[in-house]
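Position chain B relative to chain A; hints supplied.
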Amino acid sequence: MRTIQEINEKIKSGKVVVLTAEEVIDLVEKKGANEAFNEVDVVTTATFGPMCSSAAYFNIGHSKPRIKLGGGKATLNGIPCHAGLAAVDLFLGANALAEDDPRNSVYPGEFQYGGGHLIQDLVSGKNIVLEANAYGTDCYPRKYLKTYLNINDINEAVLFNIRNCYQNYNVAVNTSDRLIYTYMGILRPKLGNANYCSAGSLSPLLNDPFYKTIGIGTKIFLGGATGFISWWGTQHNPCVERTKKGLPKYPAGTLALIGDLKNMSVEWLIGTSMVGYGVTLSVGVGVPIPILNEEILSYTAVKDEDIVAPIVDYSCDYPQRENKVLGFVDYAQLKSGEIELNGKKIPTGSLSSIRKAREIADTLKDWIQKGKFTLTEAAERIPSSDSSYKFKPLKEKKVENEKD
Amino acid sequence: MKKIKIVLHFPHKSVDKPIVHHLVKDFNLEFNILKAEVNPEEEGVMVLELTGDDKDYKRGIDYLKKEGVSVQLLSQDVSMDRSKCVDCTICVPLCPTQALVKDPDTAIVSFIKDKCIACGICLRACPYGAMKIEF
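Each protein sequence line maps, in turn, to chains A and B.
Residues in the first sequence are numbered consecutively from 1, following the numbering used here.
Residues in the second sequence are numbered consecutively from 405, following the numbering used here.
Hints are computed from structural coordinates only; laboratory data are not their basis.
Note that beta-carbon positions come from the ideal geometry of N, C-alpha and C, so glycine has one too.
Treat the hints loosely; a few may be bogus.
As the list claims (entries may be wrong) - Here are the in silico distance ranges between beta carbons for each label pair:
{"#": "1", "chain 1": "B", "residue 1": "L527", "chain 2": "A", "residue 2": "T243", "range": "35 to 45 Å"}
{"#": "2", "chain 1": "A", "residue 1": "N342", "chain 2": "B", "residue 2": "A440", "range": "54 to 64 Å"}
{"#": "3", "chain 1": "B", "residue 1": "D458", "chain 2": "A", "residue 2": "S124", "range": "46 to 56 Å"}
{"#": "4", "chain 1": "B", "residue 1": "R486", "chain 2": "A", "residue 2": "K392", "range": "38 to 48 Å"}
{"#": "5", "chain 1": "B", "residue 1": "V505", "chain 2": "A", "residue 2": "G125", "range": "30 to 40 Å"}
{"#": "6", "chain 1": "A", "residue 1": "N133", "chain 2": "B", "residue 2": "Q476", "range": "49 to 59 Å"}
{"#": "7", "chain 1": "A", "residue 1": "E241", "chain 2": "B", "residue 2": "I512", "range": "33 to 43 Å"}
{"#": "8", "chain 1": "A", "residue 1": "G217", "chain 2": "B", "residue 2": "A440", "range": "51 to 61 Å"}
{"#": "9", "chain 1": "A", "residue 1": "G14", "chain 2": "B", "residue 2": "I512", "range": "28 to 38 Å"}
{"#": "10", "chain 1": "B", "residue 1": "V449", "chain 2": "A", "residue 2": "E402", "range": "48 to 58 Å"}
{"#": "11", "chain 1": "A", "residue 1": "N342", "chain 2": "B", "residue 2": "V475", "range": "35 to 45 Å"}
{"#": "12", "chain 1": "B", "residue 1": "G524", "chain 2": "A", "residue 2": "K262", "range": "31 to 41 Å"}
{"#": "13", "chain 1": "A", "residue 1": "P108", "chain 2": "B", "residue 2": "V475", "range": "23 to 33 Å"}
{"#": "14", "chain 1": "B", "residue 1": "E471", "chain 2": "A", "residue 2": "F328", "range": "47 to 57 Å"}
Said to hold, decoys possible - Straight-line C-alpha distance at most 35 Å; calculated DSBU-like pairs for lysine-lysine:
{"#": "15", "chain 1": "A", "residue 1": "K262", "chain 2": "B", "residue 2": "K488"}
{"#": "16", "chain 1": "A", "residue 1": "K262", "chain 2": "B", "residue 2": "K536"}
{"#": "17", "chain 1": "B", "residue 1": "K519", "chain 2": "A", "residue 2": "K345"}
{"#": "18", "chain 1": "A", "residue 1": "K219", "chain 2": "A", "residue 2": "K372"}
{"#": "19", "chain 1": "A", "residue 1": "K146", "chain 2": "A", "residue 2": "K262"}
{"#": "20", "chain 1": "B", "residue 1": "K517", "chain 2": "B", "residue 2": "K462"}
{"#": "21", "chain 1": "A", "residue 1": "K324", "chain 2": "A", "residue 2": "K262"}
{"#": "22", "chain 1": "B", "residue 1": "K439", "chain 2": "B", "residue 2": "K429"}
{"#": "23", "chain 1": "B", "residue 1": "K409", "chain 2": "A", "residue 2": "K335"}
{"#": "24", "chain 1": "A", "residue 1": "K190", "chain 2": "B", "residue 2": "K439"}
{"#": "25", "chain 1": "A", "residue 1": "K219", "chain 2": "B", "residue 2": "K488"}
{"#": "26", "chain 1": "A", "residue 1": "K335", "chain 2": "B", "residue 2": "K517"}
{"#": "27", "chain 1": "A", "residue 1": "K344", "chain 2": "B", "residue 2": "K519"}
{"#": "28", "chain 1": "B", "residue 1": "K439", "chain 2": "A", "residue 2": "K344"}
{"#": "29", "chain 1": "A", "residue 1": "K345", "chain 2": "B", "residue 2": "K409"}
{"#": "30", "chain 1": "B", "residue 1": "K519", "chain 2": "A", "residue 2": "K335"}
{"#": "31", "chain 1": "B", "residue 1": "K488", "chain 2": "A", "residue 2": "K126"}
{"#": "32", "chain 1": "B", "residue 1": "K488", "chain 2": "A", "residue 2": "K372"}
{"#": "33", "chain 1": "A", "residue 1": "K345", "chain 2": "B", "residue 2": "K439"}
{"#": "34", "chain 1": "B", "residue 1": "K417", "chain 2": "A", "residue 2": "K190"}
{"#": "35", "chain 1": "B", "residue 1": "K470", "chain 2": "A", "residue 2": "K190"}
{"#": "36", "chain 1": "A", "residue 1": "K345", "chain 2": "B", "residue 2": "K488"}
{"#": "37", "chain 1": "B", "residue 1": "K407", "chain 2": "A", "residue 2": "K190"}
{"#": "38", "chain 1": "A", "residue 1": "K372", "chain 2": "A", "residue 2": "K30"}
{"#": "39", "chain 1": "B", "residue 1": "K459", "chain 2": "B", "residue 2": "K470"}
{"#": "40", "chain 1": "A", "residue 1": "K345", "chain 2": "B", "residue 2": "K417"}
Extracted from the complex, chain A is given alone in its bound form:
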């Protein structure tokens, strides 16, 4: 047994031993969890990939005379922001597109610039054009504002991702006769390729499958800076079927993350264009796992071959919400570049970057070893497999008479 407080004392005295989620596999394999427990204090996990439910909010400061953007309309570089908050607070989603973006009207759309790219531009220090229309009040008389904004001049600029770090994810294939464009990339007809999106054995929630250390308030690496887990993520689904080792066989847990955009870097926040689908933001996240006991250590020794993911047909089953799975495949096979389904060999591609995830796990390890980053105790656990928490589909109800 070991406490977070003890680990933090070791960090301060420079005696902490940190391994990445890949490095710890060998240690546990060689020495077993009991002996290895004495040789590692922290394991770093990481992931880098498109995270569609990324967003940011800003407080731009008050103009003279004052304007009330709330209830009005505002765009940043032509990308509409949500102006339903107070006078000068704006909320921007990574999937937002300019009104005049052709979208998929010329199929497949290119989606060259959107909310994700705007967040990247802001973080890089570029000037951004704000244009806003308001209705005017006695206390906020101004009705129009057009100005450059810079991240260094505005008050708050906060990255707020309502769903990140999916614990496992679908492997996307296409059984139809036509090439399709999806959020999982371009899918060739007749099982021409299979795309996945998880860092596998490096992925945060696959190293702590029951969320025993990762919880609300956990301090993390987010976009190159320090961030925090603010809540569980949307679509959190901890009660799906699991393997004997407790690993979910389907997309399961998710996290909501928050952090100061002003300290982040474009190396870890990149605007992303998915042809025929839309725009999003690729985000780098690193989560430290304090090795409090042998059980937690054994979870972090998870290997790619232990984790299985469902193969889902994105030509019909996914869009029609048929809960059909064509088969299961493990991440060692996925990462090898080729899987087999019904006797057919299918080349694989990933949306999640292992190279970037490794860099994040190494960076976080370095921060902890140098005493720049200490660990936090979760303020509250997120719902786990013993809860009754469920990700429900929409129950559509016919609207009979809209006037009622």
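Below, chain B alone, put in the same frame as chain A:
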């Protein structure tokens, strides 16, 4: 000996002729079809890699032109901007000639230009705009 990549445009009237066959039979040229398609106007487009003697190559090209086939060198140049590539590998299974490959140890994607036939699918597939084409 010469090894060269060319783009052939076949007019509607010659799509059903065994023209490529003659390149082998009459001019001793070895060919490798890199890309072939017939568009809705029934014109054919083919990207070929031809290998053969200099003299045979010239005679072969003259034959193609006489048959009404337009011949261009494959001069489109695809390149990878390493500073934009995040090594996600989403392009790798899409590349028809394995010009984009992942190193199994480093998980880094490299672009092997010699294998590229400039089909352009990687340009569409890359979410980060790391692939470029120049004419």
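Hint check results:
1. L527(B) x T243(A): 35 to 45 Å: For L527(B) and T243(A) the Cβ distance comes to about 39 Å; the hint holds.
2. N342(A) x A440(B): 54 to 64 Å: 29 Å, violated
3. D458(B) x S124(A): 46 to 56 Å: 52 Å, holds
4. R486(B) x K392(A): 38 to 48 Å: Since the Cβ atoms of R486(B) and K392(A) sit about 44 Å apart, the hinted range of 38 to 48 Å holds.
5. V505(B) x G125(A): 30 to 40 Å: Holds, since V505(B) and G125(A) (Cβ atoms, about 35 Å apart) stay within the stated range.
6. N133(A) x Q476(B): 49 to 59 Å: 52 Å, holds
7. E241(A) x I512(B): 33 to 43 Å: 35 Å, holds
8. G217(A) x A440(B): 51 to 61 Å: At roughly 59 Å between Cβ atoms, A440(B) and G217(A) fall inside 51 to 61 Å, so the hint holds.
9. G14(A) x I512(B): 28 to 38 Å: 32 Å, holds
10. V449(B) x E402(A): 48 to 58 Å: 54 Å, holds
11. N342(A) x V475(B): 35 to 45 Å: The hinted range 35 to 45 Å holds for N342(A) and V475(B), with Cβ atoms some 43 Å apart.
12. G524(B) x K262(A): 31 to 41 Å: 39 Å, holds
13. P108(A) x V475(B): 23 to 33 Å: Given about 31 Å between the Cβ atoms, the range holds.
14. E471(B) x F328(A): 47 to 57 Å: 53 Å, holds
15. K262(A) x K488(B): 22 Å, holds
16. K262(A) x K536(B): 31 Å, holds
17. K519(B) x K345(A): The given pair, whose Cα atoms are some 22 Å apart, holds under the 35 Å limit.
18. K219(A) x K372(A): 12 Å, holds
19. K146(A) x K262(A): With a Cα-Cα distance of about 23 Å, the restraint between K146(A) and K262(A) holds, given a limit of 35 Å.
20. K517(B) x K462(B): 25 Å, holds
21. K324(A) x K262(A): At roughly 43 Å apart (the allowed maximum being 35 Å), K262(A) and K324(A) break the hint.
22. K439(B) x K429(B): 21 Å, holds
23. K409(B) x K335(A): Given that 35 Å is the threshold and the Cα spacing comes to 33 Å, the pair holds.
24. K190(A) x K439(B): 19 Å, holds
25. K219(A) x K488(B): 29 Å, holds
26. K335(A) x K517(B): Roughly 24 Å separates the two Cα atoms, so the pair holds.
27. K344(A) x K519(B): 25 Å, holds
28. K439(B) x K344(A): 23 Å, holds
29. K345(A) x K409(B): 30 Å, holds
30. K519(B) x K335(A): Roughly 23 Å between the alpha carbons, so the hint for K519(B) and K335(A) holds.
31. K488(B) x K126(A): Holds. K488(B) to K126(A) sits at ~18 Å (cutoff 35 Å).
32. K488(B) x K372(A): 29 Å, holds
33. K345(A) x K439(B): 22 Å, holds
34. K417(B) x K190(A): 32 Å, holds
35. K470(B) x K190(A): Not OK: K470(B) and K190(A) at ~40 Å, beyond 35 Å, violated.
36. K345(A) x K488(B): The given pair, whose Cα atoms are some 30 Å apart, holds under the 35 Å limit.
37. K407(B) x K190(A): It holds: about 34 Å lies between the C-alpha atoms, which stays within 35 Å.
38. K372(A) x K30(A): It holds: about 30 Å lies between the C-alpha atoms, which stays within 35 Å.
39. K459(B) x K470(B): 17 Å, holds
40. K345(A) x K417(B): 39 Å, violated
The structure fails hints 2, 21, 35 and 40 (numbered hints given earlier, in ascending order).
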